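Protein chains in written order, with our numbering: chain F, 558 to 944; chain D, 558 to 944.
Just to be clear, a hint being listed does not mean it is correct.
Since the list gives no way to pick one copy over another, a pair counts as held whenever it fits inside one copy or between any two copies.
[As the list claims (entries may be wrong)] No farther apart than 20 Å at their CA atoms in a straight line, the calculated lysine to any residue pairs in the SDA-like style are these:
1) Lys779 / Gly887
2) Lys851 / Asn763
3) Lys793 / Arg765
4) Lys903 / Glu890
5) Lys779 / Trp869
6) Lys705 / Ser564
7) Lys779 / Asp870
8) Lys705 / Pro566
9) Lys607 / Asn560
10) Lys779 / Gln863
Just so you know, the hints here were simulated from the structure itself, not pulled from any lab data.
Keep in mind that this is a model prediction, so the values were computed, not measured.
2 protein chains.
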Amino acid sequence: MENFNFSMPTRIVFGRESEQQVGPETARVARKVLLHYGSGSIRRNGLYDKVVASLASSGVSFVELGGVQPNPRLSLVNEGIRICRENKITAILAVGGGSVIDSAKAIAVGVPYAGDVWDFYTGAAQPVETLPVGVVLTIPAAGSEASKSSVITNEEGSYKLALDIDLIKPVFAVMNPEYTFTLPPYQTACGAADIMAHIMERYFTNVRNVELTDRLCEATLKTIIRNVPIALNEPKNYDARAEIMWASTVAHNDLLSTGRTGDWASHRIEHELSALYDVAHGAGLAVVFPAWMKFTYKHDLNRFVQFAVRVWDVDQDFAHPELTALEGIGRLEKFWSGIGLPVTLKQLKVPTDRIDEMAGRAVEQGSIGAFVTIRKPEVAGILRLAS
Amino acid sequence: MENFNFSMPTRIVFGRESEQQVGPETARVARKVLLHYGSGSIRRNGLYDKVVASLASSGVSFVELGGVQPNPRLSLVNEGIRICRENKITAILAVGGGSVIDSAKAIAVGVPYAGDVWDFYTGAAQPVETLPVGVVLTIPAAGSEASKSSVITNEEGSYKLALDIDLIKPVFAVMNPEYTFTLPPYQTACGAADIMAHIMERYFTNVRNVELTDRLCEATLKTIIRNVPIALNEPKNYDARAEIMWASTVAHNDLLSTGRTGDWASHRIEHELSALYDVAHGAGLAVVFPAWMKFTYKHDLNRFVQFAVRVWDVDQDFAHPELTALEGIGRLEKFWSGIGLPVTLKQLKVPTDRIDEMAGRAVEQGSIGAFVTIRKPEVAGILRLAS
Numbered sequence: 558m559e560n561f562n563f564s565m566p567t568r569i570v571f572g573r574e575s576e577q578q579v580g581p582e583t584a585r586v587a588r589k590v591l592l593h594y595g596s597g598s599i600r601r602n603g604l605y606d607k608v609v610a611s612l613a614s615s616g617v618s619f620v621e622l623g624g625v626q627p628n629p630r631l632s633l634v635n636e637g638i639r640i641c642r643e644n645k646i647t648a649i650l651a652v653g654g655g656s657v658i659d660s661a662k663a664i665a666v667g668v669p670y671a672g673d674v675w676d677f678y679t680g681a682a683q684p685v686e687t688l689p690v691g692v693v694l695t696i697p698a699a700g701s702e703a704s705k706s707s708v709i710t711n712e713e714g715s716y717k718l719a720l721d722i723d724l725i726k727p728v729f730a731v732m733n734p735e736y737t738f739t740l741p742p743y744q745t746a747c748g749a750a751d752i753m754a755h756i757m758e759r760y761f762t763n764v765r766n767v768e769l770t771d772r773l774c775e776a777t778l779k780t781i782i783r784n785v786p787i788a789l790n791e792p793k794n795y796d797a798r799a800e801i802m803w804a805s806t807v808a809h810n811d812l813l814s815t816g817r818t819g820d821w822a823s824h825r826i827e828h829e830l831s832a833l834y835d836v837a838h839g840a841g842l843a844v845v846f847p848a849w850m851k852f853t854y855k856h857d858l859n860r861f862v863q864f865a866v867r868v869w870d871v872d873q874d875f876a877h878p879e880l881t882a883l884e885g886i887g888r889l890e891k892f893w894s895g896i897g898l899p900v901t902l903k904q905l906k907v908p909t910d911r912i913d914e915m916a917g918r919a920v921e922q923g924s925i926g927a928f929v930t931i932r933k934p935e936v937a938g939i940l941r942l943a944s
Numbered sequence: 558m559e560n561f562n563f564s565m566p567t568r569i570v571f572g573r574e575s576e577q578q579v580g581p582e583t584a585r586v587a588r589k590v591l592l593h594y595g596s597g598s599i600r601r602n603g604l605y606d607k608v609v610a611s612l613a614s615s616g617v618s619f620v621e622l623g624g625v626q627p628n629p630r631l632s633l634v635n636e637g638i639r640i641c642r643e644n645k646i647t648a649i650l651a652v653g654g655g656s657v658i659d660s661a662k663a664i665a666v667g668v669p670y671a672g673d674v675w676d677f678y679t680g681a682a683q684p685v686e687t688l689p690v691g692v693v694l695t696i697p698a699a700g701s702e703a704s705k706s707s708v709i710t711n712e713e714g715s716y717k718l719a720l721d722i723d724l725i726k727p728v729f730a731v732m733n734p735e736y737t738f739t740l741p742p743y744q745t746a747c748g749a750a751d752i753m754a755h756i757m758e759r760y761f762t763n764v765r766n767v768e769l770t771d772r773l774c775e776a777t778l779k780t781i782i783r784n785v786p787i788a789l790n791e792p793k794n795y796d797a798r799a800e801i802m803w804a805s806t807v808a809h810n811d812l813l814s815t816g817r818t819g820d821w822a823s824h825r826i827e828h829e830l831s832a833l834y835d836v837a838h839g840a841g842l843a844v845v846f847p848a849w850m851k852f853t854y855k856h857d858l859n860r861f862v863q864f865a866v867r868v869w870d871v872d873q874d875f876a877h878p879e880l881t882a883l884e885g886i887g888r889l890e891k892f893w894s895g896i897g898l899p900v901t902l903k904q905l906k907v908p909t910d911r912i913d914e915m916a917g918r919a920v921e922q923g924s925i926g927a928f929v930t931i932r933k934p935e936v937a938g939i940l941r942l943a944s
């Protein structure tokens, strides 16, 4: 086990009617906030009105900025920064999914920074202060509600880059599973792939003797695998939605990273897919991850056997561990296909003619991956395996 | 799943040489602290010197108060409060196990309170402020390093009562598994029983659809079950000690409580055992818990079957679920016996003549338990089953 630091400062307020706590939670950190959201679905399902009422009853005023898109854009982040400065806003309230939260985190570190906020994403600078970010979560997927990550797309050049720093963990996250009842099936499935990928990026490690976190990873994966089909069959099943929602946070708040180093090459490769083709992040991961597994499983066959047996209940073929390992990967593909996700570039409707370009961009800042370190040829090979 | 609030503000600094972070972590919250510890074993193993050197290099001064005993005493808490007030101390640094940390938490809430700190334990008053508490953990067991609990024994009348409130969660916990290499085998085993009991108190719930936390509980229990025998055979096995140490925190930081209501009757009953006979808390739990299980398993046979199959890998007898459930309880008893713990009052050298007295005291503040609510006759019945 490796040394680690861990805390989870984000205060989770989870359950039915939890949106009524938005006002009191926000009032702890600010009197005037930027209300940041996406396409306006929160107006249709009534959440917007409830949030506004709760803020008002706690004496919190707000300026609003909607329009966050999937793969959130730097241009909107810069607009948010400008609005916050002009209005002397001291906190951001993100109402939505990972894209809205990631955008809010970018605005929050951008406001007190004299330079270009994109510096934090290219690595040219490190943020040292931030406005507090509060969250009302509506899509369980990215885990951004309690994570140290923000991923932003710079339209100029189609760059999609991540900032990872403890400083940007939200101060609170209000999570009512009822607001996920109306998620379209494809979005529910994409969320599941993202959650599972967050766990698997951590699961495939070269660090030995990480038994507790192995088992916690397996526990969280099994919970997703059992509950996502239930939620797709019964969209208003509160308990299935609640399991998925809480699992999405546990998957990415770094508890499952304690004492180990994850891989993250699949995420990096997927970012190039969605930067060029604007595909849903979860769908891209469902295409990249099985290919990555087929490319890397021989590096640590025992770990893939463990994955097959413990996560997928594969009946172990003790004489042929490779068959067991491949059966585990096959079960993952079948599961994702079964919930309506693509598992090939073709199904994702992404052509293969820019594979080398994507591979080049994925390794622009250096080789990627930690379980298996890869460069441009290997990334291209993985994308070809995914074709 | 029930609604819940959750955060884990305690900053965990885990691993080899982590004790070198004590000074910097302490300096974040105070310049003058009470250095609180137990019997002096930290002087023998060199930890005391390292902590003092780290505090000095960070410019933190201290006044010290050692002598915390297992089942920490109210009289020492009051002495600590007096010392802090006289010396204008603004934080407590607990170096030791759960008893030292619990004592430190009591001092920390007592200093700013005008009344008697015992009020907080009887429920006569609620603390509203506290000095910050930092921890250097040396015994993985109580989970107090990141929990909201403090249990104190009032020698006048042998009362042992708990304070449970988020306010008293430590601000940081430094955890180096190497300092657990020299724990005596019996203390390692008692710690294991305490950790397992913290999980099982949460596991046995009447709340339905708590799959993620069920699986996280099972993951943590299995980790303890596999690693404690390794640590007993090889006391200097870093990885086994690290698994146990991190599991002890996860077991009791309330992650495993999210969305569910635990039982806690076994803990309450054990408190009476150790209040009257001053037995080790873990040893008392090893006696009480199996008896509690035999008393309650018919209340939810399926849950006990799940416990047997998933935690103990019992080969399920589908035709006779009761046999499977009992086999699970039997495996727990065998495991505890195998690591040198008592599982009966007789083995614990506790006579049976004061069972009714203990039962009466356990329910003095009302009926106990939530999985099965019990009163004096049932508590006495459980203690007789344990005889």
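Here is how each hint holds up against the structure:
1. In this homomeric assembly, lysine 779 and glycine 887 come within 20 Å of each other (Cα to Cα) only inside a single copy, at 16 Å, whereas the closest approach across copies is 27 Å.
2. Taking the shortest alpha-carbon separations for lysine 851 and asparagine 763, only the intra-copy value of 17 Å comes in at or below 20 Å, while the best inter-copy value is 43 Å.
3. Taking identical chains as interchangeable, the C-alpha atoms of lysine 793 and arginine 765 lie at most 20 Å apart only when they sit on different chains, with a minimum of 17 Å there against 41 Å within one chain.
4. Taking CA atoms no more than 20 Å apart as the test, lysine 903 paired with glutamate 890 passes inside one copy only; the shortest distance there is 15 Å, against 56 Å between copies.
5. For a Cα distance limit of 20 Å, the shortest separation of lysine 779 from tryptophan 869 qualifies both inside one copy, at 8 Å, and across copies, at 18 Å.
6. Taking the closest pair of Cα atoms, lysine 705 and serine 564 come within 20 Å of each other both inside a single copy (11 Å) and across two copies (15 Å).
7. In this assembly of identical chains, lysine 779 and aspartate 870 lie within 20 Å of each other by CA distance both inside one copy and across copies; the values are 10 Å within and 17 Å between.
8. For the homomeric pair lysine 705 and proline 566, the shortest alpha-carbon distances inside one copy (11 Å) and between copies (15 Å) are both at most 20 Å.
9. In this homomeric assembly, lysine 607 and asparagine 560 come within 20 Å of each other (Cα to Cα) only across copies, at 18 Å, whereas the closest approach inside a single copy is 44 Å.
10. In the homo-oligomer, the alpha carbons of lysine 779 and glutamine 863 lie at most 20 Å apart both inside one protomer (13 Å) and across protomers (15 Å), since each shortest distance falls under that limit.
In summary, this structure violates none of the numbered hints.
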